[in-house]
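Asks: All chains, full assembly: derive it from the sequences and hints.
Taken in order, the sequence shown gives residues 281 to 530; the numbers are from this note's numbering.
For the record, the hints were derived by calculation from the structure and aren't laboratory data.
Fair warning: there could be bad hints in the mix.
What the hints assert, rightly or not - Dumping the calculated DSBU-like pairs for lysine-lysine here, alpha-carbon to alpha-carbon at most 30 Å: (1) 455 with 485; (2) 332 with 356; (3) 380 with 314.
Said to hold, decoys possible - The calculated label-pair distances, taken between Cβ atoms and stated as ranges, are: (4) 462 with 358: 23 to 29 Å; (5) 369 with 459: 23 to 29 Å; (6) 402 with 465: 46 to 52 Å; (7) 502 with 466: 39 to 45 Å; (8) 455 with 479: 19 to 25 Å; (9) 358 with 338: 30 to 36 Å; (10) 289 with 427: 37 to 43 Å; (11) 451 with 488: 54 to 60 Å.
Here the structure is a predicted model, which means the values were calculated and not measured.
C-beta atoms are modelled at their ideal positions from N, C-alpha and C, and glycine is treated no differently.
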Amino acid sequence: MAATRLELNLMRLLSRCEALAAERRDPEEWRLEKYVAALEDMLRELKKQSSKPAPELLNEYSRKVDFLKGLLEAEKLSSSTEKALANQFLAPGRTPTTTKERTPATKTVHLQTKARCTGKMRSELLGTELNIRKRKGLASDEKQSAVELDAVLQHHQDMQEKLAEEMLSLARSLKNNTLAAQNVIKQDNQTLSHSLRMADQNFEKLKDESDRLEQHAKKSVNWLLWIMLIVVCFIFISMILFIRIFPKLK
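Replies: Structure, rendered in structure tokens:
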């Protein structure tokens with residue numbers, strides 16, 4: 281099915297937003313945020329249309345818009361550590377927006393953003409270490425700063441491992457819930473099929489009994505009709521005999 285005008289406008293604006301997100305923007309830059317808000321409105325209107333795209337394509341559009349929205353929210357965080365953690369939870373698009381792209385632009389933006397956040401976090405950590413060295417200036421203090429740096433890095437690594445374990449646990453729970461739901465649906469389908477078969481059998485039995493009852497009713501009516509005819513004939517003959525036997529009195 282051909283794309284509508286609204287879908288084409290959404291694709292153009294989405295491609296523009298991906299290009300803006302890939303650039304190093306000024307903190308005062310406002311266009312991307314306004315564009316993403318317009319994308320959300322266009323996506324809502326597209327979902328309401330009767331000639332809307334396939335569900336898979338709509339889900340891909342929603343995924344990319346949510347990624348750009350999450351990217352803007354992550355940039356508003358104060359520390360580089362929070363930005364890095366927020367970027368890890370972002371899910372870029374799976375397919376290119378335009379035919380000119382070899383890989384999805386959102387995936388490229390995701391990798392660039394993660395690299396920038398990691399670089400800023402390292403710079404902050406190294407800047408902290410240099411400040412400590414300038415203040416202390418002793419070998420023991422340098423050793424202590426190195427230990428503190430290792431502790432900070434270890435803390436971040438532990439946080440990332442903990443987040444990964446929580447994500448794996450959620451994935452397992454989701455898988456178990458999905459399997460349980462599938463089993464319940466399968467059992468419900470089997471019960472429904474059995475009920476339909478029983479209903480068909482009962483309908484056939486009811487139909488047979490109705491036919492038999494109808495035939496029996498017809499037979500009863502036939503017998504009653506013959507009995508009434510015999511009674512009428514008997515009465516008629518009796519009246520004739522009565523008239524013959526007892527003539528009219530003069």
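Asks: Could you run down the list of hints and mark each one as holding or not?
Replies: Against the structure, the hints come out as follows:
1. Straight-line distance between C-alpha atoms of residue 455 and residue 485 comes to about 45 Å, which puts the hinted pair past the 30 Å bound.
2. For the hint linking residue 332 to residue 356, the alpha-carbon distance of about 34 Å lies beyond 30 Å, and the restraint is violated.
3. The hinted pair formed by residue 380 and residue 314 meets the criterion: a straight-line CA distance of about 25 Å does not exceed 30 Å.
4. The hinted window of 23 to 29 Å between residue 462 and residue 358 is violated, with their beta carbons roughly 44 Å apart.
5. The supplied range of 23 to 29 Å is met by residue 369 and residue 459, whose beta-carbon atoms lie about 25 Å from each other.
6. A beta carbon spacing of about 50 Å between residue 402 and residue 465 agrees with the range 46 to 52 Å that was offered as a hint.
7. Restraint check, residue 502 to residue 466: a C-beta distance of roughly 54 Å breaks the suggested window 39 to 45 Å.
8. With their beta carbons about 36 Å apart, residue 455 and residue 479 fall outside the hinted range of 19 to 25 Å.
9. Roughly 35 Å separates the CB atoms of residue 358 and residue 338, a value that falls within the hinted 30 to 36 Å.
10. Range check, residue 289 to residue 427: about 56 Å between beta-carbon atoms, so the 37 to 43 Å window is missed.
11. Here the CB-CB span from residue 451 to residue 488 is close to 56 Å, well matched to the stated 54 to 60 Å.
The earlier numbered hints that this structure contradicts are 1, 2, 4, 7, 8 and 10.
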